[in-house]
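Asker: Numbering (full-length UniProt numbering), first residue to last: 1 to 260.
These aren't lab readings, by the way, just hints derived from the structure by calculation. There may be inaccurate statements among the hints.
[Claimed, not checked] Distance condition first, Cα-Cα at most 27 Å in a straight line; then the derived DSSO-like pairs of lysine-lysine: (1) 83 with 115; (2) 214 with 248; (3) 43 with 111.
Only a predicted model underlies this, so the values are computations on that prediction, with no experimental measurement involved.
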Amino acid sequence: MKQLLKVFKIGGGVLDDEAQLQAFVGEFSRVAGRKILVHGGGKGASQMLQELGIQPQMVQGRRITDAATLDVVTMFYAGKTNKQLVAALQAAGTNALGLSGADGNVIRAVKRSVKEIDYGFVGDLPAGSVNAQLLGTLLEAGLTPVLCAITHDGQGQLLNTNADTIASTVARALAAPYEVELHFCFEKDGVLADINDEASVIPQIQPQQYQQLKAEGVIAAGMIPKLDNAFAALEAGVEKVVIEHALKINQPVKTVLCRS
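Given only the sequences and the hints, what does the whole structure look like? Please build it.
Answerer: And the structure:
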């Protein structure tokens with residue numbers, strides 16, 4: 001029987017608020033068993049860029065990463081954010097190990113090709129990009145890997161990779177040896193039937209229902225890429241995908257996405 005593994009992803013809303021981050025760390029540390037944490041960067045990197053006279057560039061929520069921007073986001077994501085998060089987890093009793101994709105060759109990316117937009121040093125994750133064996137070794141040693149959004153190409157080049165993509169790809173890569181749950185944590189209690197009603201959480205969504213909710217315009221546009229990614233993960237062997245509030249991961253209120 002496969003062991004349960006939970007992969008959690010947190011984003012900027014939690015990372016940017018010290019009180020919320022500490023509350024999340026406490027809740028995360030209460031989650032028993034094998035777990036992995038993937039984090040983005042929050043607004044801090046953009047603030048640092050502006051302080052250095054570099055104008056942040058975003059296209060459809062994706063950061064354009066030129067050489068100067070890559071230096072800053074590497075310092076911020078793989079350095080300050082990752083290590084502060086690991087230190088907080090250690091203080092809460094979770095034996096965490098912070099990693100960029102280059103560490104242990106844990107995530108190898110390829111530089112995104114230039115089409116309509118040149119994203120610069122942005123990495124995409126092809127099949128086989130995750131070192132599942134290393135992650136499994138760390139998990140079985142009782143460690144909790146904490147992965148940031150910085151990857152590498154195996155040729156010495158660091159790359160900036162979307163944290164949602166990292167979480168989904170890691171979950172898929174570990175779906176063979178483990179029973180994997182993928183948890184996307186943000187500032188809402190789950191997927192809302194009414195964007196203006198915080199209590200309208202949809203408790204469960206199946207693929208056919210999801211297509212209907214999209215067609216009816218019930219699900220907000222910003223949530224569609226995340227849910228498309230989530231259902232793709234289910235098709236690739238992930239057991240369950242959960243959309244939930246970052247501060248309520250140990251509470252029953254959430255949206256569970258399932259295959260059928």
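Asker: Hint by hint, note whether the structure agrees.
Answerer: For each hint, the structure was consulted:
1. 83 with 115: This hinted pair is violated, its Cα atoms lying about 35 Å apart.
2. 214 with 248: holds, 26 Å
3. 43 with 111: holds, 23 Å
This entry does not satisfy hint 1, going by the numbered hints stated previously; all others are met.
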